[in-house]
Each structure stands twice: as structure tokens, then as C-alpha cells.
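Asks: Per our numbering: the sequence shown = residues 114 to 338.
Don't read these hints as lab results, they were simulated from the structure.
Every value quoted in this text rests on a predicted model; they were computed, and no experiment measured them.
Heads up, a few of these hints could be off.
Simulated pairs of lysine to aspartate or glutamate, EDC-like, Cα-Cα distance not exceeding 16 Å [claimed, not checked]: (1) 161 / 278; (2) 161 / 275; (3) 161 / 310; (4) 271 / 254; (5) 115 / 244; (6) 175 / 146; (7) 161 / 253; (8) 115 / 275; (9) 175 / 149; (10) 176 / 149; (11) 271 / 308; (12) 115 / 334; (13) 161 / 263; (14) 176 / 146.
Ranges of calculated distance between the beta carbons of each label pair, as one might list FRET restraints [what the hints assert, rightly or not]: (15) 338 / 146: 27 to 37 Å; (16) 256 / 143: 26 to 36 Å; (17) 275 / 217: 16 to 26 Å; (18) 146 / 322: 44 to 54 Å; (19) 114 / 256: 26 to 36 Å; (20) 219 / 176: 19 to 29 Å; (21) 176 / 318: 26 to 36 Å; (22) 149 / 192: 12 to 22 Å.
Beta carbons: idealized from backbone N, C-alpha and C, even for Gly.
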Amino acid sequence: MKTTAILFDLDGTLIDALPDLVEGVNALMRRYELAELSREQISEFIGKGARHLIERAFEARKKILSEEELDAMVEEYVAVMLANDGAHTRVFDGVPEAIEHLRARGIRVALVTNKVRVMTERVIERLGCAEWFDAVVCGDDTTCPKPAPDMLHLACRKLGVEASESVMVGDSRNDALAARAAGMRVYLVNTGYNEGEPIDRWARAQGFSTPFDSIYTLVTESVAP
114 MKTTAILFDL DGTLIDALPD LVEGVNALMR RYELAELSRE QISEFIGKGA
164 RHLIERAFEA RKKILSEEEL DAMVEEYVAV MLANDGAHTR VFDGVPEAIE
214 HLRARGIRVA LVTNKVRVMT ERVIERLGCA EWFDAVVCGD DTTCPKPAPD
264 MLHLACRKLG VEASESVMVG DSRNDALAAR AAGMRVYLVN TGYNEGEPID
314 RWARAQGFST PFDSIYTLVT ESVAP
């Protein structure tokens, strides 16, 4: 089947942002005199955007936030993350080469992440990868983020391509379910989080193909050989 565009998730797929996400969450825990959360706990909350992450983090410390409190906490979290400026975030090995491989074959590339735009733009600019993408769709660009298909449909419209000719690449159930709902092929990598459940096991149970160990292998062996 012809492939004209690849849509990539960000955290856990193209970049390892977990150290900074952990520090951002625990900065709030310290600020409000709550016990810090472990790296493993926080990794289970990643994938559905900052609002979900912060809500789950406070729930883990038995603190239920009102909608107004949650709004304020998300604003604080975003401010902390911007101040930290992705100090410990890195691009996974092989990703630049994979993007170059796609470009050489005329395949368009989009970023589709549940991360809010202000944080997304900051991190991809700091990492020097903003120019990789023909379109960027963020969690605050639609009312329904992944696993709903809305963001994927928006990315296809921005690229001027059909979903049937596009591929979603991600690290979690949110990416896989969004792609399925959008009528799009999907490939997964096991470099991310998937809310604490091994993506290999989940993918098999849900009828998805076996996840790859790296973006470079996925791209060069399956998406665009």
C-alpha cells in the first residue's frame, strides 16, 4: 500500500523526555508539600497530555483537584517545564537518520502529540528538530486528543493527504487506538511508556503488530524500505 505521510508521536517515540517530566511533576509535589512520586509511577500517567498527568499525580497522593484547581496546577506545571527547558530530554538514537531516510523518499512527516503547543514548540526547537516536520498538531489544537482520531485527521488535512495513505508511529495504546479510529495503519515502538503496561503484550492482545525496538529499524524495514 502506498505511503505518502508518516505521523509521529513525540514523547517516548522520537524523544526521551521522562527525566524532565518526572522533575516537572515532582517540582509541584515539593511545592505543595507532598511526597515525590517515583519514575515508574509517573511513567504510568504519561500519554494523554499534561492535564491527565497532573490529575493522576495528585490522585496518587490522595488529593482530588477541582476543575479550577487542576487548571491552575497545569499552568504551574507548564511554567516549570518551560523554565527547565528540557534540560535532560534527548532524541532517541537513529531518529535523525530515519527522518532523513523518509525525506529522501519524498514522504511527508508530521508530529502529532498530546503535549500542549507551547511545550512542544520549545522542546523541538531546543533539540533542533523543528524543521523535520511538515505539520505539527498538538494536544490543545483539538477538543479531543488521542486516543480520539481528531488530531490525526487534522494532521492529514494539514499535509493534504488521505488517512488511508498515512501511517501513525507511536509508543502507546493512545497512538494505536487513534490510528485505528482514523482508518490509518499504525506501527509501534517499545521505547516509551504506555501507561505502565508493556506495549508488546498490549499490542498482541489488541491485534496490532509486534512493536519495533527502534524508529530507524521500523522506518527502514517496514514503513519505507
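Asks: Flag every earlier hint the structure violates by its number, smallest first.
Replies: 1, 2, 5, 11, 15, 20
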